[in-house]
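Engineer: So the sequence lines, in the order shown, correspond to chains A and B.
So in numbering that gives the first Met the number 0, the last spot in the first sequence is 395, and the numbers never skip.
So in numbering that gives the first Met the number 0, the last spot in the second sequence is 546, and the numbers never skip.
Keep in mind that the hints were calculated from the coordinates and are not lab data.
Worth double-checking, as some hints may not be accurate.
As the list claims (entries may be wrong) - For each label pair, taking beta carbons as the anchor points, the in silico distance ranges come out as:
1. B/Ser130 / A/Met200: 31 to 41 angstroms
2. B/Trp131 / A/Trp176: 34 to 44 angstroms
3. B/Leu114 / A/Leu233: 54 to 64 angstroms
4. B/Tyr156 / A/Lys170: 43 to 53 angstroms
5. B/Thr356 / A/Thr216: 35 to 45 angstroms
6. B/Val69 / A/Arg279: 43 to 53 angstroms
7. A/Trp361 / B/Gly129: 27 to 37 angstroms
8. B/Glu204 / A/Lys170: 56 to 66 angstroms
9. B/Ala482 / A/Lys170: 43 to 53 angstroms
Said to hold, decoys possible - Lysine to any residue pairs mimicking SDA-like chemistry, simulated, CA-CA at most 25 angstroms apart:
10. B/Lys323 / B/Glu247
11. A/Lys365 / B/Ala99
12. B/Lys336 / A/Lys365
13. B/Lys271 / A/Gln132
14. B/Lys1 / B/Lys160
15. B/Lys160 / A/Ser358
16. B/Lys527 / A/Ile293
17. B/Lys61 / A/His354
18. A/Lys365 / B/Ala82
19. A/Lys294 / B/Asn449
20. B/Lys336 / A/His354
21. A/Lys365 / B/Tyr112
22. A/Lys256 / B/Tyr112
23. A/Lys291 / B/Gly141
24. B/Lys271 / B/Ser288
25. A/Lys98 / B/Glu255
26. A/Lys291 / B/Gly520
27. B/Lys516 / A/Thr12
28. B/Lys38 / A/His354
29. A/Lys365 / B/Lys36
30. A/Lys291 / B/Lys160
31. A/Lys365 / B/Gly254
32. B/Lys336 / A/Leu273
33. A/Lys256 / B/Pro90
34. B/Lys70 / A/Trp368
35. A/Lys365 / B/Leu80
36. B/Lys336 / A/Ile293
37. B/Lys516 / A/Gln132
We put the CB at the ideal spot given by N, CA and C, even for glycine.
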Amino acid sequence: MDLLTISSIALYTAFVLYLVATGFFGATIKDKQSDKRKGNISGKIGITLTIIGFIAQLVYFITRWIVSGHAPVSNLFEFMTFLGMCMVLAFIIIYFIYKLSALGLFALPIALIIIAYASMFPTEISPLVPSLQSHWLYIHVTTVSLGQGILAISFVAGLIYLIRQIDQSVKSKKTTWLETVLYTIFLFIGFIVITSTFNLMDYNATFEYTEQNATTTTEYHLPAIAGPNDGTLLTEDTMQPLFETPEWMQGADAGRKFNTVIWSVITGSILYGLVRLILRKRVGAAIQPMLKNIKPDVLDEINYRSVTIGFPVFTLGGLIFAAIWAQIAWDRFWGWDPKEVWALVTWFFYAAYLHLRLSRGWHGEKSAWLAVAGFGIIMFNLIVVNLVLAGLHSYA
Amino acid sequence: MKKIKCECGHVNPEGTVLCEACGKPIEENQHIDGNDKRKLLNMRYDGSARRSQTYNKSIIDKTWNFFSSVKVGVWLIVITLIASAIGTIFPQEMYIPADAESRDPSIFYAERYGLLGQIYYQLGLHNLYGSWWYMTLIALIGISLVICSIDRVVPLYKALKRQKPKRHETFINRQRLYSETKSVTKEEKEKMVNRLKQLRYRVSEQDGHILAEKGRFSRWGPYVNHIGLIIILLAAILRFSSVLYIDEYVWVREGEQIVIPGTGGEYLIENKDFILETYDENDERFQESIMQQGGMIPSNFQTNAIVYKQQEADVTGAESELEKIAEQEIRMNEPLKFDGYTLYQAGYQLDEFKSMTFGIYDTEDEDEEGLGSFTVDLTSPESTYELDNGFTVNVDKYYPDYYMDDGVPRSETNYPRNPAFVFSVYPPETETPEISFVGIGRNIPATEENDYTLGLEDFQVRDVSGLTVRRDYTLPLFGIGAAIFMIGVTQGMYWYHRRIWIHPKDEGVLVAAHTNKNWFGVRKDIEKIIEDTNVNMVEDQQELDKK
Ligand code: HEM
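Chain B with its partners taken away, still in its complex shape (with noise of 0.2 angstroms):
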């Protein structure tokens, strides 16, 4: 490697724009911060050698400097600002609304947003934080994250220590803040360097040569919130194992018990109450929102649920024992906590059937005595019932939430939310079956001529709760993750690194300042400690408005 010899006597290594000592420009390498065209010297890097702007043969210098650059880093962040913006044109596919005619997202797009719709289902739009380029583009992003990082924050480092009290002239009146002035006592130059030790600044002295420090620490502000970026990156790509995540949802009825999925049935959960309220209508707060509103707003969603845990039998074959290890109510913002799962209160279906009962009656019969009836459990019905008075009824066809599509019979879901029957009915000693169908508030005989008809004369209902089931390792890394980054950004914006040199030439003193931001801040410092002194108050030698 070639080292550059300052005249001063450090030796820099090869790319330094400063030397790493004394700050004087290295006079080949003026081109890399753009310091050849202007005035003021570029101190954002103190003019550490980088290495992304030191070697640019090899292939890998090449990646290197590209995923260093913050002009790419800047571009990646703008586009994948516009592509997280183009998400939200349209509702993503998990937020395709309930009440929409067809949650297919195939026809949704189509159907209710036209052509464009169309268009954004078809280049896949509608799941675009899943899909790969988006992924990409964030893991590009992470890349450019490290690069960047590790490109700068060495040799920032090895600057900053190395930096010495006595700097070049040229590196004082290159500076932004800069004065000078022709003649100042030592005893004025003593009340300046006790003012910036009041102030709190690190003073350090060589032949004549102050410079005043504070704040470094600031500086290393962005690589310490790049580092709680990258943990945050490192714990979404965690969560793609299912060790460390699962996800999933399990509807419980009242007064049912049964295994949670994603535990490998270890546990079980019992709903003993679904539970839902709404605000007072009479309640005077509230009562003109609620007139708004339409009435009815919910207050509290809560299940009332209990867990268990399967005990291992003892004996193989042995009925297992159920051990409670939790027993709470479980409401919105309110999770149940059990060994590493949490359960969510997250849906609910109000008076799902559990069972009905239907009777038979002669149609001829005006008082519609009952002949005999039978009770079908909708958890698990039968395939056959056999009445006491000889009747038997076949379920020929069972829509647990029935609807009529063009006319033909279907189910929307799985769940007995509209129930409807298809039944054969024999009467005693008979071969031919009468059909009948049979659901809520319905009776339809297949053809005129039946002789007996089935009626709905009772039925149970009950609440379901949807809860979501959760375990997720990942989370304390995103927090540390998260804290970090907070750590970082607050180290980086609400401190200031400020360096103050004080130069001695001739009889007087050039004065020049570097901060990192807040300019104003370090103006301030530096009227204090020049008050009732000879010394010039500095310029700034940047005038936005000279351009």
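This is chain A alone, in the form it adopts within the complex (with noise of 0.2 angstroms):
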């Protein structure tokens, strides 16, 4: 058995892992007051299987970097997958502060969803251009995505206090916003689903179409319901496209890209309904009840802690570190190239926030908006501006 082959098992081992770890979290979670012992082993055998599953997941990278000869953030695979195991670990130093199991019931999920989610990106290994090739790579990367898990961290805290918190008695406008959330993140599940369906039945349409007058081709691995803009299908018996995607869009695969959007809109949506249409109430009130035994005291704090932990360590990585690597390879330590743009808005949020907490009032669910928001601007950074906005860090 060969290493690349022993490292994808690895990160497989690692994902089941968190997915039962997960199952233990929530057996936790259903336990009334009366057993609390047993609620307790439960945690403990949670908790036990997370640091395997990280254990795991350190052999796929160490496994991976040895294959590769660089260490395994350099695509948009390999960095999201990277992203996902620091949040792992945020998520176990934060439960070893605190104890709270349902923070694991909600932190893994969404970092199996993030984990999911990279492995639909190509996943072979590609050579690093002269750019790149720099120990500050490395240095950069991990301490951004350490921070950006840390600060995942205070998402997942801010997320259950709102679940927790908001009154679902009545229809509101914070119940709508609510629903939003945890509707997009049904839309991540629907882009995993459709394209390892799709990706399992091999499907391919190749079209030529123009982009900056020249001529290429680009390969719809998804049936094409938007084609790209005046491109041809040059596949037999497949789906022609309905409809043409506007002109506006630009950049590389355009076409390709907002196919995967509709797609994902429609089985994440479809999904969605399924699940409303099973539970004949909103999501967020199908979760609340489980809620009842947190304090919300507990999940303020620990919203407020990991970002007191993440911001320092996102701005070492993201603007520091970032900015001294940036001055050795592009001869300036600050391009505003969109990536460093985000990253700087980024911090200026974080910061925001922070002061924020300074005055009475923004405590509890100001704050736990504010930590969602933050980690909606933090996938910004990684999806919209790598596959939309893409300048110089452009992985895809």
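Assemble the dimeric complex from its two separately framed chains, guided by the hints.
Structural biologist: As structure tokens, this is what we get:
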């Protein structure tokens, strides 16, 4: 068995272990107060499995590093997978401080979604272009991810807080917003489901189209609902696009990306709709009763604490190390490249959060909303900026 | 200045909310920190007298108050955040892609992004980060930062220095963590004090009142990090000076030795060789990825360079001598440094033409037997070439980087990447020339009746390296600023200022605690110190679910 296979198996193992651990954390929550001891036991099993899973993921990371000769943080798949791993690490640390099992019930699925999402992108090992051949690549990317992983825990705590605290007895603006957040998570699941389905079927349709006055081809792995602007389908026996991607959508493979978004929205919405049909109430309302035993103060504290721990790490990795590397590689430590700007936006956002916490009235629910928004910015930087506004850092 | 004397005897400055010594709320100032509406005291600045909360008469007061408001600070941050994000909607001017049909911003944005692009350009958003208003925003954040910090740090420092272990009861029972125990023995009290010491609290006592404190230095974290930010802003301002900051770009051809711009003619660079390497397509590890990306993934850009320094000539008029001061392979991520300057591998141009040799043929001659030839050195083309066989060739037009623009020949750049010429050929002893257009793969006589044809016989090419030249004396300042910022945030975020008060009352004690963050941690400390005593665990008086 070669090392690359071991690496893939290790990642798969980690994935399964996190999944099983989630189940055990879930079991802690259902228990009544009287079953506290039983809850403790399943919590312990949960965290143990999480740690073993984390070690498996470390094995994936190290073996892949050995095979490729560089730290596996250089394309979207590798980077997002690493982010998932950092989130798990941050969760483990916070768990040992606060011993809150419910955190695992939410943190692990989110890490799982991130890892699964990552795996939908090309997973081959790619060589490093000259600008990336620097130790600063590892130092910068790993620190940023760690910071983002810790900040993600504040999102998780914020989300639990909102589900726990928002009044679900009547429909309100707050319940709608909360549902929107949960619905967004479904869209990611939709993306994963539909992409893996058609991957299994080995679906492939090639289009020819013009971009920047040059004729190029693009490969669709999902049936084309939206074809490329002015494109022609080359592959036979595949679906003709229903319509064309509008011309104002620019950039490499705009059509294919737009098509993927459409599919994710459709699949995610169907999944969400099914869940709503089964539950017969808002998803938030359905989860709420499970969270009765958690003290909101603890959630607020975890939310804030994760930001206070994550903010310095993020600053160090995302701004300072990034600047040092940019100075060496591109002769300027700051260049207003979209990726850099969004790191700055993230930084400003959490600075605003910290300052708002100085005043009364911003603790609790408002902080929880902020934590959710902050994570939204982080994801925006990882996904939209990479795939749409791509600049120097373009991974995909 | 109106001083306020507290019943404990301490004289407080005007505007004090909680007596600096005993913490008793000063009646008439409770609105300042909003304590009048709540049970819990606002402890953020220990109720110290801040200038911004005390005076509001003159214009100076008003400006000061404006900038020292955290609300204003947060607004400034949020506005800057939104502005920064807007700058990424379309590429900034410097990131207009090289393959764009027109890189002129007045055309590019409208052409590629339509009306929205046009609006973007006309609002000046294509140069957002260098705009006066963006810089003003940053400057306002800087001002706000300074004033805000000064406003708070001094009074906070004084209040913490003057605090006494003996506190007023209302101060104690209006803390967030609080408990009352009716009867406590002397031994139990001693036990608590000892455990506090074990937990490394600094314990002080006054008439049986105990104050245990640790991590006070964490309170200075925010001020330290703000100083770091200010240093970074100052460094950014200094960058506008050309003494401290030079940014130039230079193209050096292989074999060429030229003056490095920005150095006042003092230094020269020689490009010995430019090397571009790509990944091996047969490398098993990368095969798949290389195929996917269409082959040819570069693995290295490199310039083998030598830097010379111009020696002062001893005698005026004498040739100045060159001293070799550095020889290095410049790669991406491996710049060359000398005497405060740094050279970065930034661009390249492969196979630029160095010289071209043209031959003259008789148009009728099927065998293309050369009648004579001449060589044009493209770095300095001459205007006339006299051939041995009596021919004379004039260079009428020279397009170093030829392209057709709506039927009109033009040169895209000044670099000989695709040279083309219009020649006038004067055969021996003739007055009227024949006009010929010659380029790569092109040879167009002006008329059908040309007796002679020009053809490209030979050429030499060479690579060109693009290097950025930097001298940046502001870098250390940025580094220091960033380091101070990091020290400040770590200090403020990873350490906590905890205070625990033990306040005797009748037979028992009141216990209260305050921390600037991590309430969970201070609760755990208290659990430890009251273990196996009668003392009640503190209650959190601010429960979020009770609201
Ligand atoms: C981007 C700019 C800024 C950054 C990155 C920044 C960063 C920070 C950080 C990390 C803290 C510590 C927060 C905590 O410990 O919870 C802090 C505290 C503080 N900042 Fe800023 N700050 C910025 C701008 C400002 C501005 C413009 C103001 C003025 C209104 C301001 C006023 C304060 C105050 C009053 C504190 C609290 C001090 C204390 O707790 O004693 N900051 N800042």
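Engineer: Determine for every hint whether it applies to the structure shown.
Structural biologist: These are the hints, each one checked on the structure:
1. B/Ser130 / A/Met200: 31 to 41 angstroms: Taking Cβ atoms as reference, B/Ser130 and A/Met200 lie about 51 angstroms apart, which means the hint is violated.
2. B/Trp131 / A/Trp176: 34 to 44 angstroms: holds (37 angstroms)
3. B/Leu114 / A/Leu233: 54 to 64 angstroms: violated (34 angstroms)
4. B/Tyr156 / A/Lys170: 43 to 53 angstroms: holds (51 angstroms)
5. B/Thr356 / A/Thr216: 35 to 45 angstroms: The hinted range 35 to 45 angstroms holds for B/Thr356 and A/Thr216, with Cβ atoms some 41 angstroms apart.
6. B/Val69 / A/Arg279: 43 to 53 angstroms: Holds: the Cβ-Cβ distance is about 45 angstroms, inside 43 to 53 angstroms.
7. A/Trp361 / B/Gly129: 27 to 37 angstroms: Holds, at about 34 angstroms.
8. B/Glu204 / A/Lys170: 56 to 66 angstroms: At 58 angstroms between Cβs, range holds.
9. B/Ala482 / A/Lys170: 43 to 53 angstroms: Distance hint for B/Ala482, A/Lys170 holds at roughly 51 angstroms.
10. B/Lys323 / B/Glu247: holds (21 angstroms)
11. A/Lys365 / B/Ala99: violated (45 angstroms)
12. B/Lys336 / A/Lys365: It is violated: about 51 angstroms lies between the C-alpha atoms, which goes past 25 angstroms.
13. B/Lys271 / A/Gln132: Holds, at roughly 23 angstroms.
14. B/Lys1 / B/Lys160: holds (21 angstroms)
15. B/Lys160 / A/Ser358: holds (24 angstroms)
16. B/Lys527 / A/Ile293: Measuring from Cα to Cα gives roughly 23 angstroms; hence the hint holds.
17. B/Lys61 / A/His354: Distance of about 22 angstroms is within 25 angstroms: holds.
18. A/Lys365 / B/Ala82: Cα-Cα ~23 angstroms, so holds.
19. A/Lys294 / B/Asn449: violated (96 angstroms)
20. B/Lys336 / A/His354: violated (42 angstroms)
21. A/Lys365 / B/Tyr112: This hinted pair is violated, its Cα atoms lying about 38 angstroms apart.
22. A/Lys256 / B/Tyr112: Distance of about 18 angstroms is within 25 angstroms: holds.
23. A/Lys291 / B/Gly141: violated (45 angstroms)
24. B/Lys271 / B/Ser288: Roughly 33 angstroms between the alpha carbons, so the hint for B/Lys271 and B/Ser288 is violated.
25. A/Lys98 / B/Glu255: violated (68 angstroms)
26. A/Lys291 / B/Gly520: holds (24 angstroms)
27. B/Lys516 / A/Thr12: With a Cα-Cα distance of about 38 angstroms, the restraint between B/Lys516 and A/Thr12 is violated, given a limit of 25 angstroms.
28. B/Lys38 / A/His354: With Cα atoms ~23 angstroms apart, B/Lys38 and A/His354 stay inside 25 angstroms; holds.
29. A/Lys365 / B/Lys36: The hint holds at about 21 angstroms.
30. A/Lys291 / B/Lys160: Not OK: A/Lys291 and B/Lys160 at ~44 angstroms, beyond 25 angstroms, violated.
31. A/Lys365 / B/Gly254: Violated - the C-alpha atoms of B/Gly254 and A/Lys365 are around 65 angstroms apart, more than 25 angstroms.
32. B/Lys336 / A/Leu273: violated (63 angstroms)
33. A/Lys256 / B/Pro90: The hint holds at about 19 angstroms.
34. B/Lys70 / A/Trp368: holds (18 angstroms)
35. A/Lys365 / B/Leu80: Holds, at roughly 19 angstroms.
36. B/Lys336 / A/Ile293: violated (59 angstroms)
37. B/Lys516 / A/Gln132: violated (41 angstroms)
Comparing the model with each numbered hint stated earlier shows that hints 1, 3, 11, 12, 19, 20, 21, 23, 24, 25, 27, 30, 31, 32, 36 and 37 do not hold.
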